[in-house]
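Taken in sequence, the protein lines are chains A and B. Read in order, the letters of the first sequence correspond to residues 1 to 387 in this note's numbering. Read in order, the letters of the second sequence correspond to residues 1001 to 1387 in this note's numbering.
Simulated from the structure, these hints should not be mistaken for lab results. Zero decoy hints are in this set.
Here are some chain B residues pointing at chain A (derived, C-beta under 7 Å):
id, residue
1, 1301
2, 1302
3, 1306
Where is the CB? At the ideal position from N, CA and C, for every residue including glycine.
Number of protein chains: 2
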Amino acid sequence: MPALGSSGSAAPRDVVVLGGGIVGTACAWRLAERGARVVLVDPDPGGGSSRAAAGMLAPVSELHHGERDLLDVCLLAAAGFARYAAEVSAASGLPTGYRDCGTLVVALDAGDRARLADVRSAQERLGLDVAALTGRQCRALEPMLDPAVSGGTLVAGDHQVDPRRLLAALRTAAARRGVELLSERAEVLVEDGRAVGVRCADGSPRRADVVVVATGAHAGEHAPVRPVKGQVARLRMPAGGHLLQRTVRGVVRDRDVYLVPRADGELVVGATTEERGFDATVTAGAVHDLLRDAQALVPGTAELELVEVLARTRPGSPDNLPLVGPGRVPGLLLAVGHHRNGVLLSGVTGDAVAALAFGEDVVPEVAACDPVRFGSRTATREEVLVR
Amino acid sequence: MPALGSSGSAAPRDVVVLGGGIVGTACAWRLAERGARVVLVDPDPGGGSSRAAAGMLAPVSELHHGERDLLDVCLLAAAGFARYAAEVSAASGLPTGYRDCGTLVVALDAGDRARLADVRSAQERLGLDVAALTGRQCRALEPMLDPAVSGGTLVAGDHQVDPRRLLAALRTAAARRGVELLSERAEVLVEDGRAVGVRCADGSPRRADVVVVATGAHAGEHAPVRPVKGQVARLRMPAGGHLLQRTVRGVVRDRDVYLVPRADGELVVGATTEERGFDATVTAGAVHDLLRDAQALVPGTAELELVEVLARTRPGSPDNLPLVGPGRVPGLLLAVGHHRNGVLLSGVTGDAVAALAFGEDVVPEVAACDPVRFGSRTATREEVLVR
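Just need the whole structure built from these sequences, with the hints factored in.
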């Protein structure tokens, strides 16, 4: 029997985390930090949507009308990201590529400008830190912008991190805390209406007190998530000659495009948003459109090396808010459905999952992500650890 | 001392061929067929321009004014290609991907049509097999063409081969004839003003009676060749749903683009022509332009999977004609400078190099490729085997 925690709840001795992306690895690390014996199971750790993510930490520039709960949890995560990244680095000895460089959102024509102004009004009403810029002011900040850029919004607080570095650092931090990485396919093992571990593809079980499902878009069996295809391109800026100082976003022909320049010279251009089911096919049309739109904002991107193109599926949820909390049976915790914000929300999700596994409360911003809002849950939070 | 051949010339016992692309491997195979002991030396066999080549066998659609010698040798090669491909297949037991599918050259606007008509007049004056088509006739042949295609030229005799398959088959044919493949960097070894073999990167020599230089654009030490960068994209057509029946070429905004559909579903889109020295960097702008121009001719290409993009350097020569014949010192034969026609000319080059190594004459079309036209040669053809 698990020991009782200091809050009066049971403390899990053994935890299996399914899914070795950024969210799952952050959960595994935080659980292990608190003393749980953690096995992280993934047949291709980091090979899913974490591999394609650009790493924008952009609650303000990604604001969509009517998604107040999403904004709140994203703002919480953004406010704590520098500390989270520093903790991961300290625990792993590895860099995360975190850059507090801000984001510039630009408009080309009058229609784009009107759209930007509309979003900016909403941002200002919410008290967010945004500043209207003329085209000239935009080019003063980023001289490589196309002369056609006619206005923009500076979002000083929307930063970036390198998801591949962050994941490598999280994995090392987790390993240092004793997390065992199991590169296998596995599914949740339910006995007597309770999750008791996972069954690996070879049939062998791994028993646990708590199972955390962090398999992103592949968690359809456990949660109302769906795959949202995204295609991205990675370019390389010449050594020493950084084309951009900060993340640049824009709307080109009514399609969003972003350019995320890393300190190491990588420039990520993304991303398509396609409802196509599970499909990791890179298409000629998508790559063409990404490169065209990037050139429309920053013509100099045409001269850059094209290093990589890839497609992955984001884990979409019905309300774009993740599902973090108890699953449909006792012993099951969900950490899925992070859609466009998995990297940003990985820290708060890891904290929340660890807290929930130890029977503690979570902050209100994360409580809003409780899967109970979809009404299909049979287990209460308290039942997670009850057997 | 080598034995005297039937023509009265010396027959080489040992030959080293430098360069394991399609041209070098064809030379090695033909030399071995005639009884020479051949070593084929290349640190990355097939990794050069042969890897990027689209495999168009297109002397007629590639016609440029004033290049009569090039046209003649290319027509000779095209006329014999089906037999050459069959021989390679028979000798290797492998397919070459040869397809006698013809080529359709299309025009979008009036300017393109005028340019096509101008080229067609030249083609007709030379007695080449070309037929003028209306836009409707073009679409009847290739229904996936853009509705804007307003006319074209059908070149019934310009076919295609798959260079990667051809090279694999050539390599197997060569191996079956005893050709030894040495994956090392090496340079020509000259003693007393005569090529006597090669020296490998580790310093060890490989002595030979004749050295064939077939290192493409990397033969600058031996011949006036220069690198001409080309970037290509490889798409994949869905199984069973072939988008195009034949090679389609066109001019889009005054830039040539071609689409080469293979029987196995691959669709090669090429190619840039860039004078940038040795540079295998794939650039965002080039890929964008290729995909855009392909879409302009065949909009359905946007839906295809983008499988590969790569850049290589064609071996350009001052007059676009290859350099096939004796080099600057006795014992040296050149087979370089094939520029856009290395795959097409590989068969006749292999035949010619084998003939020259055995002291025989070559056909007039290949004799026109003698490097002596650049005036820097010190060895006569007869001196190749003299020591």
